[in-house]
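Each chain is listed here by its residues.
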Amino acid sequence: MRAETIQCNSFDDQSVEAYLATTEGEQAGGVVVIHHFPGYDEATKEIVRKFAANGYNAICVNLYSRESPGASSDDAAAAAHARGGVPDEQLVGDVGAAAAYLRALPNSNQKVGVIGYCSGGRQSVLSACSLDLDAAVDCYGAFVVMSRPESTMTSIVDLLPNLSCPLLGLFGVDDQYPSPEQTETLRKLLTQHAKDFTFHEYEGAGHAFFAVDRPSYRPEVATEAWGEIWKFYGQHLSSAK
Amino acid sequence: MCTYEAERISVTGSAKGANGWFRATDATVYYDHPVHFGAGHALMVDVINPALGASSRVGLELNAESARELALAILRSLDGVPAGLLER
Chain A
1 MRAETIQCNS FDDQSVEAYL ATTEGEQAGG VVVIHHFPGY DEATKEIVRK FAANGYNAIC
61 VNLYSRESPG ASSDDAAAAA HARGGVPDEQ LVGDVGAAAA YLRALPNSNQ KVGVIGYCSG
121 GRQSVLSACS LDLDAAVDCY GAFVVMSRPE STMTSIVDLL PNLSCPLLGL FGVDDQYPSP
181 EQTETLRKLL TQHAKDFTFH EYEGAGHAFF AVDRPSYRPE VATEAWGEIW KFYGQHLSSA
241 K
Chain B
242 MCTYEAERIS VTGSAKGANG WFRATDATVY YDHPVHFGAG HALMVDVINP ALGASSRVGL
302 ELNAESAREL ALAILRSLDG VPAGLLER
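The listed protein sequences derive, respectively, from chains A and B. Letter by letter, the first sequence follows residues 1 to 241 of this note's numbering. Letter by letter, the second sequence follows residues 242 to 329 of this note's numbering.
Read the hints as simulated data drawn from the structure, not as lab findings. Any given hint could turn out to be false.
Said to hold, decoys possible - Quick list of the computed label-pair ranges, beta carbon to beta carbon:
no., chain 1, residue 1, chain 2, residue 2, range
1, A, 224, B, 328, 58 to 64 Å
2, B, 320, A, 173, 45 to 51 Å
3, A, 179, B, 306, 21 to 27 Å
4, B, 305, A, 185, 38 to 44 Å
5, B, 248, A, 215, 39 to 45 Å
As the list claims (entries may be wrong) - A short, non-exhaustive set of chain B residues, derived as facing chain A with CB atoms under 10 Å:
no., residue
6, 261
7, 296
8, 310
9, 311
Glycine is no exception: its CB is placed at the ideal position from the N, C-alpha and C atoms.
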């Protein structure tokens with residue numbers, strides 16, 4: 001495995017910072033990791049490395065690097081808060097550029113999935129509805145089926161018919177954003193649109209149960225949910241196109 | 242969850258951050274996931290100068306109770322300033 005910080009040319013010809021971890025295996029699938037709102041932090045980079053250690057090439061774009069180049073992840077996240085977050089068009093462009101970067105790697109099998117946590121969960125679904133991808137994982141993303149007033153976080157239900165790939169949803173029953181009711185709404189909408197999806201809702205877990213550096217971490221649930229991710233990506237990203 | 246929104250105000254003053262003192266021009270206040278404080282959510286205050294870059298920041302992460310106490314303490318301090326001393 002090799003992990004490094006790179007520059008990735010994005011949709012608007014801007015160079016954005018990204019963290020890349022590559023596997024030494026042949027015919028490897030790729031995973032675009034979308035960081036949570038608190039930023040492009042150490043815990044997210046550990047997730048990127050985890051994918052490479054498990055046989056995937058993985059990349060995470062620093063979504064805040066345009067406005068805060070060289071800043072620490074917490075300062076950049078604070079600046080992003082002051083701006084109200086990242087516009088959806090920019091996010092989709094950055095994820096698309098990251099997916100293209102993965103497909104251009106010499107050991108790529110041309111399959112690319114996406115995964116996002118917290119705000120990144122919504123952005124993972126948004127990406128899968130806007131780009132040609134092979135698998136998407138939504139980890140407790142709020143504001144997929146509802147909007148937050150006076151916020152950039154708007155519902156993306158209108159885009160769900162465009163979902164381009166299978167979706168795995170991982171949620172905590174004790175979470176309120178998204179609540180179990182919102183997850184049920186999303187389930188009904190995806191069923192209506194005849195989309196391929198699998199949801200797991202875990203008892204004893206709330207929001208951010210994957211976050212190893214936060215009190216919300218639920219190790220048993222996270223371990224089980226990681227197992228679902230390996231199964232899902234193994235099914236959809238492993239073989240050559 | 243991430244709340245995605247912040248109260249933002251203009252401020253006049255100075256703040257001391259990681260790189261020393263800087264002229265503060267803005268402040269944001271929001272309730273969201275903290276970076277360092279060990280809680281799911283916290284009241285965050287950032288005193289910043291965006292023109293100097295994202296690193297010109299003094300950040301606070303407080304639990305809700307202490308954030309309210311801080312806000313009240315600021316108001317008490319200002320209310321207690323002797324007549325004629327309060328500058329704009």
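Hint by hint, where does the structure go against what was stated? Just the numbers, ascending. Numbers 4, 5, 6, 8 and 9 - these are the hints that the structure violates, sorted from lowest upward.
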